[in-house]
Each structure stands twice: as C-alpha cells, then as structure tokens.
Amino acid sequence: KNEVEQSPQNLTAQEGEFITINCSYSVGISALHWLQQHPGGGIVSLFMLSSGKKKHGRLIATINIQEKHSSLHITASHPRDSAVYICAVPTQGGSEKLVFGKGTKLTVNP
Amino acid sequence: DAGVTQSPTHLIKTRGQQVTLRCSPKSGHDTVSWYQQALGQGPQFIFQYYEEEERQRGNFPDRFSGHQFPNYSSELNVNALLLGDSALYLCASSFGTGAYNEQFFGPGTRLTVL
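Chains A and V are the protein sequences, given in the same order.
Whatever position you read off the first sequence (first residue = 1), add 16 for the numbering used here.
Whatever position you read off the second sequence (first residue = 1), add 5 for the numbering used here.
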C-alpha cells in the first residue's frame, strides 16, 4: 500500500510570499494529483502530473518519480490561496484507487 | 455545463439509522468514486462505480453499499449508522476508471450521526 506524507501540516504566510508544499510517497507510481480544498469541503483538482513540471497561473507543480517526491509552489501568494492542499497517488502500481495525504493547511495573511 | 452535484448538503441522523446520499456526475463522465473524509484527515476511498457495477472497494464494512444508475448517477447507502460515520462524504466523477484520469469532485455531503 502506498503511504503519502505531506509537509508541512500547517503553513502561515504573508501576502506575496513564495510557498512550497511537499509530498512524498512510498510506492513507485506514474502520476500524482494535487488538489485544493476550501473551507466548506469542495475539492478542486489543480494538477495531475507524471514527470517534470506543470504551471497554471501562479501555481507550479513538480515531480521527481525516482525520488518519489512532488512539490507544489505558489508564487506571489494571496489571501484567496488560503485552503488545504492535498496530494493523492494510486495505492500501488496500476491501481485505480487513490490514497490521499492528510493535507497542508495554508493561511495567507494580508 | 453543471459540474458534479451532491445531495443533500447536510444531514443529521441518529445511531442505528440508515442514510442515502446522492451524486450526479459531470456531463460526459461515466465513473463515480465515493470518499469519506473525517475531520482533519484526507479523503479515504470507499468504492468506485462504472457501468453500474462496483469496480473497486476500499477498506469499508458491508454497511456501506452503493448503486449506479443507467444515467451514471450514483447513490451511497450506509446502514446501522455509528457515531464514527460522521464525516464529509465526497463523490468524484471521471471519464474512465483509471487513477490517472482527472477526477472532478462534488461539494460533499456533511453527515452528522448523533
């Protein structure tokens, strides 16, 4: 079974700061999901990536398959970025089931 | 184009009761997955439905059951509710069953068991 660890658990930043959230997993995979969950529960898929880097606006996600590690970066952070960020990977191999990290709660203060 | 919708948004039940939660997938999607998210935790996979059949199941007891209809909508049923079943229940839809298919999540149903 794939274990997913995220760090940090909680992160507080000032508006404009550069944010990094990390995700490590134990079993080799081919792709990883980054999700955003706002207060109230709704989850939005941010990225699915299998190699290298993806960018969408101020969000950048990177993955190193060999090191079993991914990072989510937010440039020029804004209070509206405040949310829980969750990474998810297949449970193992070609499994169709996802296992999720516990999430990183980000608070960006004005 | 409506995204994933879930009903109801909130629900309060007592121990021993039964509950049914509903999910309508995003237009064009044929696969529905259900997740349970306890407070402060990441979502836990319950099961996945495709072609009206349960394809994958997580580590949940038989009290949790589901159904998928010909229009791809889905229901999650929980019998003999326990206090520990209190959680946010999320459904996600995708086109196809693979873990590498992008999943679109609904807003969730918050279940409180008293």
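Certain hints may be false.
As the list claims (entries may be wrong) - With a Cα cut of at most 27 angstroms, we get these calculated DSS-like pairs of lysine-lysine: (1) A:K84 - A:K118; (2) A:K71 - V:K31; (3) A:K121 - A:K70; (4) A:K70 - V:K18; (5) A:K118 - V:K31.
Keep in mind that the hints were calculated from the coordinates and are not lab data.
Exercise. Between A:K118 and V:K31, is the straight-line Cα distance small enough, at 27 angstroms or below?
Worked result: Holds, at about 26 angstroms.
Exercise. Quick one, are A:K71 and V:K31 close enough, alpha carbons at most 27 angstroms?
Worked result: holds, 25 angstroms
Exercise. Hey, A:K70 versus V:K18, does the alpha-carbon distance stay inside 27 angstroms?
Worked result: violated, 43 angstroms
Problem set entry | Pair hint A:K84 and A:K118, alpha-carbon separation not exceeding 27 angstroms | holds, 17 angstroms
For this session: Mind checking the alpha carbons of A:K121 and A:K70 for me, to see if they're no more than 27 angstroms apart?
Result: Roughly 22 angstroms between the alpha carbons, so the hint for A:K121 and A:K70 holds.
Taken one by one, the earlier hints fail for this structure only at number 4.
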